[in-house]
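Novice: If you want the building blocks of each chain, they are given just below.
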Amino acid sequence: MNIIHLTLKIWRQTGPESKGSFKTYESGPITTAMSFLEMLDVLNERLILSGEEPVAFDHDCREGICGMCGSVINGTPHGPEKKTTLCQLHMRHFKDGDTLVIEPFRSRAFKLVKDLIVDRSPFDAIIAEGGYVSVNTGGTPDANAIPIPTFTAEQALDAAECIGCGACVAACPNGSAMLFVGAKISHLALLPQGQPERSKRALAMVKKMDELGFGNCGNEKYCEKACPKGISISNIARLNREFMKAAFCSVEE
Amino acid sequence: MQLDHRIPSGPLTEKWDRFRFETKLINPANKRKFEIIVVGAGLAGASASATLGELGYNVKTFCIQDSPRRGHSIAAQGGINAAKNCQNDGDSIWRLFYDTIKGGDFRAREANVYRLAQISNQIIDQCVAQGVPFAREYGGLLANRSFGGAQVSRTFYARGQTGQQLLLGAYSAMMRQVKTGKVTLHPRSEMMDLVVINGQARGIVTRNLITGAIDSHAADAVVLATGGYGNAYYLSTNAMASNVTATWRAYKRGAAFANPCFVQIHPTCIPVHGTYQSKLTLMSESLRNDGRVWVPTRSGDKRPPTEIPEAERDYYLEKKYPSFGNLVPRDVASRNAKEQCDQGKGVGDTGLAVYLDFADAINRLGEAAIRQKYGNLFDMYEKITGQDPVKEPMTIYPAVHYTMGGLWVDYHLMSTVPGLFVLGEANFSDHGANRLGASALMQGLADGYFVLPATISSHFAKSALVPITTSHPAFTEAIDTTKGRIQRLLSINGKRTPDDFHRELGLLLWDHCGMARNEAGLKLALDRLSELREKFWHNLKVTGSGADLNQTLERAGRVADFIEFAEVMILDALSRQESCGCHFREESQTAEHEAKRIDDTYSHVSAWQYQGEDQTPTLHKEPLVFENIQLSQRSYK
Chain S
-17 MNIIHLTLKI WRQTGPESKG SFKTYESGPI TTAMSFLEML DVLNERLILS GEEPVAFDHD
43 CREGICGMCG SVINGTPHGP EKKTTLCQLH MRHFKDGDTL VIEPFRSRAF KLVKDLIVDR
103 SPFDAIIAEG GYVSVNTGGT PDANAIPIPT FTAEQALDAA ECIGCGACVA ACPNGSAMLF
163 VGAKISHLAL LPQGQPERSK RALAMVKKMD ELGFGNCGNE KYCEKACPKG ISISNIARLN
223 REFMKAAFCS VEE
Chain W
858 MQLDHRIPSG PLTEKWDRFR FETKLINPAN KRKFEIIVVG AGLAGASASA TLGELGYNVK
918 TFCIQDSPRR GHSIAAQGGI NAAKNCQNDG DSIWRLFYDT IKGGDFRARE ANVYRLAQIS
978 NQIIDQCVAQ GVPFAREYGG LLANRSFGGA QVSRTFYARG QTGQQLLLGA YSAMMRQVKT
1038 GKVTLHPRSE MMDLVVINGQ ARGIVTRNLI TGAIDSHAAD AVVLATGGYG NAYYLSTNAM
1098 ASNVTATWRA YKRGAAFANP CFVQIHPTCI PVHGTYQSKL TLMSESLRND GRVWVPTRSG
1158 DKRPPTEIPE AERDYYLEKK YPSFGNLVPR DVASRNAKEQ CDQGKGVGDT GLAVYLDFAD
1218 AINRLGEAAI RQKYGNLFDM YEKITGQDPV KEPMTIYPAV HYTMGGLWVD YHLMSTVPGL
1278 FVLGEANFSD HGANRLGASA LMQGLADGYF VLPATISSHF AKSALVPITT SHPAFTEAID
1338 TTKGRIQRLL SINGKRTPDD FHRELGLLLW DHCGMARNEA GLKLALDRLS ELREKFWHNL
1398 KVTGSGADLN QTLERAGRVA DFIEFAEVMI LDALSRQESC GCHFREESQT AEHEAKRIDD
1458 TYSHVSAWQY QGEDQTPTLH KEPLVFENIQ LSQRSYK
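Order-wise, the sequence lines are chains S and W.
Under the numbering used here, the first residue of the first sequence is numbered -17, with each subsequent residue one higher.
Under the numbering used here, the first residue of the second sequence is numbered 858, with each subsequent residue one higher.
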């Protein structure tokens, strides 16, 4: 197991209204088997003991599925490894002596809470507009009543894998949430269960997305590159198609 | 304390129907007059919130994460069981019931488990209707796989992320109710206390994790769906923020804690790499369907696995348990791995690992087929360890995974505090002494979608609840207690961090209250625990203040509760002088060193009642009565 030393330039900001700045820390000895967040843990333990407030960062499952963690490392959301959340990024991907600039997921729609923590509740607000199938508990048909081709189910799952981390928004120069919204729209538009509300869903979710200050897609694919789950930009194409179809052809408001 | 299980009379198969028929209902127009607090937004909390909202109740849902889509149910990989018998392989509700009771080593209630098996099929229907993209066969019907401990294929799955897809389904159903206004969300809120008025649970005190504000919320019933306490061990497969605080505070307000010593140690996790490791990652045990577990026959053999010839490999599970082989239940697999490592046959840098080898399956089915089945698990393994399981065997080791113990609940899922309901992993009800694979998702959703919505109405119909607001003195008292506790944590100003104490607690529990326990070790752990508690309250260091986002303070509060809770866990392990399920008491073994259950003395639920600060809790026993099945000693040979 190797030991490396890094210089960390970390964004410190005590609250949404205060002014933030980068502060430089030496990492101390870091073993390369550690995850990125464990490296931050080590730094924080040292900061606490020295009486300095540790770096606040969001994290929970630490196995790449809850979507809670995420920072921008040297300009890239979730760091340099493809299809990897920050908690699953291991220090073996860095070299001794590297300098890492660590920033929060910045975007107009995500307000900064503290240090590396941002408010991603706008994502929940978009889902509340239609990211569901309106069925109450009970009274649903037998699960096998409607056959779904393997390919369709797999394609829907490809989209449904989105963990809602917000890296796509942070990566996008326009601060667009269209990969996130496109993933949910695609997941439900592909499945038979999603058909009845297909138009209504597309119209309502896009409207909310715009309202909340997310930008438009510029087809630059930064989001796809940053996505830890590899959600394809083709979901944005499907979102556009669904929205256009609903806007032109749907009788619903 | 009376432990009345309130199981309906009548034949097992009719109890749930009978309950639903005999229970008093609340008129739809009156449902909107009731406020319900749900704490936790994992599978159980989200499904309960959604369903209660649909029924017309006013629901306030609290979670500690920034969004209610992140509860740790999301990390469940393998699948969810249901008795649909889709594969025509002899499954039935009765078989799922029997397997679950037997898997739990006959330490769960027949009536609860039977109901769970009955509801299992509806859960799948519900999830599919929500748009959960389960795996499908080419004909378009649902696919199944077999899962640890089962001889039928009854597990429904969505690649290796079934928990995620089910949780997102429940979350989306709940968000629909948020839109209608029936559910109000309170993310980044931690429950700090339960408020009990006239013997009824009537509210909670919370801390806003962003502003530090201590708030109180009144309601007609409180539902805890706050998950398990596996993080007492520091290293576990739980999420970092998973904690015992909510259930522990409820315990201190009168809710009995049942079977706290029943902790499942999962056999297939990625081994520990170093001191600063923050958590352990589980590799779904579905891997054991195609992976073969082995160690070198010679202890101390440090050759790389590919250089160890077939004749010098010990496939110890296949040898010892010919009929179940690599698919023995979790406790058996875990204990055997520990046994091999204790004999010096462990592999990897630390010697605390065994191999899980896919070479045979790849030869038989081809690499593509294996990757299709386990692709994301293989990627996950490679990401963490830097090794490709197709080229060399995985290394695995057991880790704390799931806690069968939890707050005691009756058939209605109500705790010993009337009006306090407990769902999912937070209660003790359905898994006995050991949980079968793919049963946790089933239980969380059964409790939330189907059981609680039916039982809570009977509570409201029967209880004459007087209107209460947060100006009641009981709220003021709970707020003051909470503030005092936070102040105390902040004012110690010692020299050790919360994590440092947590690690020490974890090692203590892992060593003495882990895979195998004995009286001497448990007693030693009790002594060391009181020393640790003393040190914690004298030498803890928490930076910052209570008036804003302070993750160190959050952690300190949770560690303080884990330290208190650990005592009850150890007391419970001490009092149960039998081996059963995951609880292996070294004093209670057969001649072949297998677990020996003692039904005459220990066929009961142990429920612990709080008696006050520094007082030993009282043990109450709820006898387990088996009228429909014959108790047998588990044998997987």
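Honestly, I wouldn't trust all of these hints.
Said to hold, decoys possible - As a list, the in silico DSBU-like pairs of lysine-lysine whose alpha-carbon atoms are at most 35 angstroms apart:
#, chain 1, residue 1, chain 2, residue 2
1, W, K1177, W, K872
2, W, K1159, S, K77
3, W, K1352, S, K77
4, S, K207, S, K(-9)
Stated by the list, open to error - Chain W residues, not near chain S, derived (Cβ > 10 angstroms throughout):
#, residue
5, I950
6, Q1021
7, Q1446
Rather than coming from a laboratory, the hints here were simulated on the basis of the structure.
Even for Gly, the Cβ is constructed at its ideal location relative to N, Cα and C.
Novice: State for each hint whether it applies.
Specialist: Now for the hints, and whether the structure bears them out:
no. : hint             : verdict
1   : W:K1177 / W:K872 : violated (40 angstroms)
2   : W:K1159 / S:K77  : holds (29 angstroms)
3   : W:K1352 / S:K77  : holds (32 angstroms)
4   : S:K207 / S:K(-9) : holds (24 angstroms)
5   : I950             : holds (15 angstroms)
6   : Q1021            : violated (6 angstroms)
7   : Q1446            : holds (35 angstroms)
Checked against the numbered hints above, the structure breaks hints 1 and 6 and satisfies the rest.
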